[in-house]
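Protein chains in written order, with the numbering used here: chain A, 355 to 437; chain B, 355 to 437; chain C, 130 to 291; chain D, 130 to 291.
Bear in mind the hints are in silico, worked out from the structure with no lab data behind them. Each residue gets a CB set at the ideal place from its N, CA and C atoms; glycine is no exception. Keep in mind that a hint or two might mislead.
Heads up, incomplete: computed chain C residues facing chain D, CB under 7 Å, no partners named [to be verified]:
1) G176
2) L238
3) T250
4) W282
Partial chain C-side listing against chain D, Cβ under 10 Å, derived [said to hold, decoys possible]:
5) A143
6) T155
7) V181
8) V215
9) G221
10) A237
11) G263
12) G265
13) R267
14) V269
Over the 10 Å line for every Cβ pair with chain C, so calculated as not near, a few chain B residues [stated by the list, open to error]:
15) A361
16) P377
17) D379
18) R388
19) G396
20) A398
21) A399
22) A410
23) Q413
24) D414
25) G425
26) T435
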Amino acid sequence: MQVLYFAWVRQKVGVGAEEVAPPPDVADVAGLMRWLSGRSPGHAAAFANAGAIRAAVNQDFAAPDRRLSPGDEVAFFPPVTGG
Amino acid sequence: MQVLYFAWVRQKVGVGAEEVAPPPDVADVAGLMRWLSGRSPGHAAAFANAGAIRAAVNQDFAAPDRRLSPGDEVAFFPPVTGG
Amino acid sequence: MTTAAAPGVRVQEAPFDLSAESAALTAGREDVGAVASFVGLCRADDGLAALVLEHYPGMTERAIAGIAAEACERWPLTGCTVVHRVGRLRPGEPIVLVLTASPHRAAALESCAFLIDWLKTGAPFWKREEFTDGRGERWVEAKAEDDAAAARWAARAGSAAA
Amino acid sequence: MTTAAAPGVRVQEAPFDLSAESAALTAGREDVGAVASFVGLCRADDGLAALVLEHYPGMTERAIAGIAAEACERWPLTGCTVVHRVGRLRPGEPIVLVLTASPHRAAALESCAFLIDWLKTGAPFWKREEFTDGRGERWVEAKAEDDAAAARWAARAGSAAA
Numbered sequence: 355m356q357v358l359y360f361a362w363v364r365q366k367v368g369v370g371a372e373e374v375a376p377p378p379d380v381a382d383v384a385g386l387m388r389w390l391s392g393r394s395p396g397h398a399a400a401f402a403n404a405g406a407i408r409a410a411v412n413q414d415f416a417a418p419d420r421r422l423s424p425g426d427e428v429a430f431f432p433p434v435t436g437g
Numbered sequence: 355m356q357v358l359y360f361a362w363v364r365q366k367v368g369v370g371a372e373e374v375a376p377p378p379d380v381a382d383v384a385g386l387m388r389w390l391s392g393r394s395p396g397h398a399a400a401f402a403n404a405g406a407i408r409a410a411v412n413q414d415f416a417a418p419d420r421r422l423s424p425g426d427e428v429a430f431f432p433p434v435t436g437g
Numbered sequence: 130m131t132t133a134a135a136p137g138v139r140v141q142e143a144p145f146d147l148s149a150e151s152a153a154l155t156a157g158r159e160d161v162g163a164v165a166s167f168v169g170l171c172r173a174d175d176g177l178a179a180l181v182l183e184h185y186p187g188m189t190e191r192a193i194a195g196i197a198a199e200a201c202e203r204w205p206l207t208g209c210t211v212v213h214r215v216g217r218l219r220p221g222e223p224i225v226l227v228l229t230a231s232p233h234r235a236a237a238l239e240s241c242a243f244l245i246d247w248l249k250t251g252a253p254f255w256k257r258e259e260f261t262d263g264r265g266e267r268w269v270e271a272k273a274e275d276d277a278a279a280a281r282w283a284a285r286a287g288s289a290a291a
Numbered sequence: 130m131t132t133a134a135a136p137g138v139r140v141q142e143a144p145f146d147l148s149a150e151s152a153a154l155t156a157g158r159e160d161v162g163a164v165a166s167f168v169g170l171c172r173a174d175d176g177l178a179a180l181v182l183e184h185y186p187g188m189t190e191r192a193i194a195g196i197a198a199e200a201c202e203r204w205p206l207t208g209c210t211v212v213h214r215v216g217r218l219r220p221g222e223p224i225v226l227v228l229t230a231s232p233h234r235a236a237a238l239e240s241c242a243f244l245i246d247w248l249k250t251g252a253p254f255w256k257r258e259e260f261t262d263g264r265g266e267r268w269v270e271a272k273a274e275d276d277a278a279a280a281r282w283a284a285r286a287g288s289a290a291a
């Protein structure tokens, strides 16, 4: 599973993208965030306030209860500030 | 008094501008329109439907009861269609 | 603090350049966050060969300057430009340009819409249509929908400006 | 009959040219009566030295294309273009361009406002501010007023599009 990070989420995690293989009980976006938090102090800092983070699955905005499949591209980032 | 005509008012009158000296009893814009109507068949045709004509006095939009002075610049034209 | 440049108002036969006019509104400034523009063009409706636009030299420029000054009072604009062409214009050609600049996008967008709605109804221009099929010519009549578009600004602000 | 060209969507570091983009929307057409544009620029607020914009390559272009396609459904547009810059932008530099073309001015003006309101809230971009006084950097937070501006379009149309 490819995971991408943007903006301050990327800065805290320390990388912009990583390939991960979460265990089968990581079933949705919220579960993936909890599991990623345990990977490093940077991940823990990035996901400390899960409510401040938005997600996309396969390049569509996704809610925390969005189910995941092994081949998904999952991205985490702050609320967008375009324009 | 300088009188200007624009758009189809100008076409019907036959000139774009003329110097006129109406008699003292021509006191306002509506009176000037009636008096101008008598100057030629073209004027009469132009002013036949007074309600279709707008006026300006000294380059400000003016209502039919606007009082006139000898040195005024008075213009007659259809409702504007800009943009 | 919004320092507004005096509105730029021109009536001309020549075309205008959107990029150049926009650049002039922002040149040397770092307080402009938004530039909105509207360009009205001549459409080839119903066999139209050309539009011929006439204005009242002097009054037309004054009327537009008055509307532009009102826009600068109602919205925090750093500048605005109105260029209106006259003469014979063929389908596809630009007729009118409205540009508004502001620190904030809503002010730029709303004042741009306000100005073009007023130009349609309040500025002394007259349009004559010429046709491709020898039908001769026809003066364009004022449209009720344009009056309604202009009136909504007065209704929103309680303004009675022309 | 409004024939809409496919929306043009680009995310790039390079500047854009307003006149060229506008000309591309009207080239060879005689059914375009109105072109509205919005350009967002970098302001030098509060000692800002530069904005650094980041996007999600692929998703960002798709999200904008989706928003632009929705605008083409809601309004009778003949075309629309969105160009959004990324990378380091200094005060005075343009950041984003929205251009909409239509036979009618209300459609062009409203869809242009709709698109920039949605870009502020719905497109995957993130802005970091760098300052002149050595304060370091700060990520710009989403603004409630931007959410409100975007929400009014959903309220008016009963739409729930993102």
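Verification of the supplied hints:
| no. | hint | verdict |
| --- | --- | --- |
| 1 | G176 | violated, 11 Å |
| 2 | L238 | holds, 5 Å |
| 3 | T250 | violated, 12 Å |
| 4 | W282 | violated, 13 Å |
| 5 | A143 | violated, 15 Å |
| 6 | T155 | holds, 7 Å |
| 7 | V181 | violated, 17 Å |
| 8 | V215 | violated, 18 Å |
| 9 | G221 | holds, 5 Å |
| 10 | A237 | holds, 7 Å |
| 11 | G263 | violated, 19 Å |
| 12 | G265 | violated, 21 Å |
| 13 | R267 | violated, 18 Å |
| 14 | V269 | violated, 13 Å |
| 15 | A361 | violated, 4 Å |
| 16 | P377 | holds, 27 Å |
| 17 | D379 | holds, 27 Å |
| 18 | R388 | holds, 23 Å |
| 19 | G396 | holds, 16 Å |
| 20 | A398 | holds, 19 Å |
| 21 | A399 | holds, 14 Å |
| 22 | A410 | violated, 6 Å |
| 23 | Q413 | violated, 4 Å |
| 24 | D414 | violated, 8 Å |
| 25 | G425 | holds, 16 Å |
| 26 | T435 | violated, 5 Å |
Hints 1, 3, 4, 5, 7, 8, 11, 12, 13, 14, 15, 22, 23, 24 and 26 from the list above are not met by this structure, while the remaining hints are.
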